[in-house]
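Novice: Place chain B on chain A using the hints.
Listed here are the chains, written in short residue letters.
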Amino acid sequence: MSAIGPDGERVVERVSIARALNLGLRAAMERQPKVLVMGEDIGALGGVFRVTEGLAKDFGEDRVIDTPLAEAGIVGTAIGLAMRGYRPVCEIQFDGFVFPAYDQIVTQLAKMTHRSRGALPMPVVIRIPFGGGIGAVEHHSESPEALFAHTTGLRCVSPSNAVDAYWMIQQAIDSPDPVIFFEPKRHYWDKAELDPTAEPYPLHRSRVVRPGTDVTVVAYGPTVPLALRAADAAQEEGRSLEVVDLRTISPLDLAPVEESVRRTGRLVVAHEAPVFLGLGAEVAARVTESCFYSLEAPVLRVGGFSVPYPAARLEGEYLPDADRLLEAVDRVLDT
Amino acid sequence: MTSSTTGRTTAAGADTGPVTGPSTGPMAGRGGALHVVQLLTPDGRRVDDAEDPEVAAHAATLTADDLRAMYRDMATARRADTEATALQRQGELGLWASLLGQEAAQVGSARATAPQDRLFPTYREHAVAMVRGVDPAQILSLFRGVDRGGWDAEETGVNPYALVIGSQTLHATGYAMGVQRDGAVGTGDPSRDACVLAYFGDGASSQGDVSEAFVFAAAFQAPVVFVCQNNQWAISIPAERQSRVPIAQRASGFGFPGVRVDGNDVIACYAVVRAAAERARAGQGPTLVEAFTYRMGAHTTSDDPGRYRPSVEVEQWRARDPLTRLEAHLRRDHATGDDFFAEVARDGDAMATRLRRDVLEMPDPEPGTMFDHAYAAEHPQVEAERAWYHQYVAGLDGEDGGAGTRGGAA
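Chains A and B are the protein sequences, given in the same order. The numbering used here numbers the first residue of the first sequence as 1 and each following residue consecutively. The numbering used here numbers the first residue of the second sequence as 1001 and each following residue consecutively.
Next comes chain A alone, as it looks inside the complex:
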């Protein structure tokens, strides 16, 4: 894809999230020679989700590094590369495989800037395909974002669509801080129209993706398309949902949420991760504090249960769906 066609016209293409990420990585690598991509099976194979397809051929194995199968090794060596002035983008193959690297991320990557009093910044991006709904075996469907958002020193973001994916991966690479980049794997093939000449929206900003008047629904990553579907269904019943795509988990940007709640007086937060101590808890606490006198009902949370992610044949029961989200909408409206 090229931004400008042969006659100088703007080219807008419908691309999937996976393709948008590929284009974003490519743009960052073309712009900055210090950007490296590293991970398991990301070279000749192009990654198990093909996000890095073609990069090894175009940028060579020094910049697209097929690593040994060792996640702590991937993140640990990325930290060393960052110390040498590189900007590594690590691919963790699946959410559940990040935990061998968890120590390096939490104990080293997140704290190196503080430890060195700013002398050793860590411009490292860790891409994690996360979330369920793909009928996978164990460890391939998890939503561990709260664990990382709870760790100071890390920034955490999650795009919900191809346009955001294209811009946000580049903005994450430009960040002088480590960014955990949660990709909604179930939606890798969802397409949107991408205009690479457009002005990108800031990385750490939330935004309203569907205006409404009755209930505010906060979502991020894979629950954004879910919330939009729920809003369609609600509309048929005469209820107007305003959907806020959080986009950034750390730092949180709750200004659009608060502005919305002051109008609707009602808030439901949806994520795939277990409700208990999930992002929804933080959003609920903060919005309760900032919008207490605007709220007409308790803030409700919709998400996974407090059980290990179940076997694939049960994930439809585990994951929040439009019905569960609308049940919460009913409750805040009935209060």
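25 Å max Cα-Cα, derived SDA-like pairs, lysine to any residue:
| hint | chain 1 | residue 1 | chain 2 | residue 2 |
| --- | --- | --- | --- | --- |
| 1 | A | Lys111 | B | Asp1364 |
| 2 | A | Lys191 | A | Ala233 |
| 3 | A | Lys111 | A | Phe99 |
| 4 | A | Lys111 | B | Glu1385 |
| 5 | A | Lys111 | B | Leu1093 |
| 6 | A | Lys34 | A | His114 |
| 7 | A | Lys111 | B | Glu1378 |
| 8 | A | Lys57 | B | Gly1183 |
| 9 | A | Lys111 | B | Arg1386 |
| 10 | A | Lys34 | A | Thr197 |
| 11 | A | Lys34 | B | Ser1191 |
| 12 | A | Lys34 | B | Gly1186 |
| 13 | A | Lys111 | B | Asp1135 |
| 14 | A | Lys111 | B | Gly1203 |
| 15 | A | Lys111 | B | Phe1371 |
| 16 | A | Lys34 | A | Lys111 |
| 17 | A | Lys111 | B | Thr1156 |
| 18 | A | Lys34 | A | Arg50 |
| 19 | A | Lys111 | B | Glu1383 |
| 20 | A | Lys111 | B | Ala1377 |
| 21 | A | Lys34 | B | Ala1377 |
| 22 | A | Lys34 | B | Gln1221 |
| 23 | A | Lys111 | A | Pro144 |
| 24 | A | Lys111 | B | Tyr1123 |
| 25 | A | Lys191 | A | Ala136 |
| 26 | A | Lys34 | B | Ala1219 |
Each pair of labels, with its calculated beta carbon distance range:
| hint | chain 1 | residue 1 | chain 2 | residue 2 | range |
| --- | --- | --- | --- | --- | --- |
| 27 | B | Asp1182 | A | Pro68 | 15 to 25 Å |
| 28 | A | Gly118 | B | Tyr1389 | 14 to 24 Å |
| 29 | A | Gly118 | B | Val1314 | 37 to 47 Å |
| 30 | A | Glu193 | B | Glu1378 | 28 to 38 Å |
Hints were generated in silico from the structure; no laboratory data involved. Note that the Cβ used here is the ideal one computed from N, Cα and C, for glycine as well.
Specialist: Just chain B now, kept in the frame of chain A:
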């Protein structure tokens, strides 16, 4: 005992130290015979090692002045260590990890580095840091709780101390991969080609991070020298609980050379690490150097080694002291007399006096600085909490005239 005048020893035997038998000697190891490079015997005789001509050649370049400088480095580090232990006992440091006994492994290896090399220490590498120009007060500031270590990693080439053992071996390997990508390996330009030293201990050798570092370094032939100071004890756990084979032997399973060196022999430590560093800088990949040494003191000032190790073992190693053996060698073979050693001692005392003064004068950091550098770029959450904190503190001051506090938070 399989010692000889060539200094060639085996892991199952020992050199001319006060060792009673191969199974109990301090150089004993498991897994059969392993060559141990030794160039200076415990009684200070300079011997040859025929195993690796490069090692012998590097040792041969050392002049009497070089050896005196090494002695001075070791003595200075030991004096700083003694002062730090005293400062901890007097309540001026929260903790201290003594390097006593490991001076040769640290000074020899650090002196084998070039200015452009990068060193990744753990929390006991005080002599390494000092050789590279780190002010010992900047090390003690970490143990006083003022900061995380006050030196500049870029300027000294010494990374911040790693407290999670083994973690830094991966950072070192990644850094070395960056050196490769910068084209700073194998150019033949001695001022450009660089390598990386990854320090760790016998305890850390059990950490998965260290094995992964070995895998990555081997796979990419990264210019990294793994310097394992096997000081025999990981707090209370003996080295044989970490490894059933000599740690140096592990390297062969990963596909790169491993060398065990007498870690109390500064000449051998220098020469072996220098040879490994040259190989790394030339693009010939990683080496594991196991410096076989002994932690003469406690793990830290919070530890009581009397609970887990026999004093007879400590006494055996005392006879292998790295400073006394180099002193004997300098006196016998390099016309170095009392004047030199007295001067080193005087300079050490003066350094210790300065060090003590610097530590006692260290101001506590301003409380608000804890918010600094949590992120490299501004983070709204941190800034909001910083603002709240300052407002809160200002409010407390206002409550009772600016001097007092509530709840004892003075």
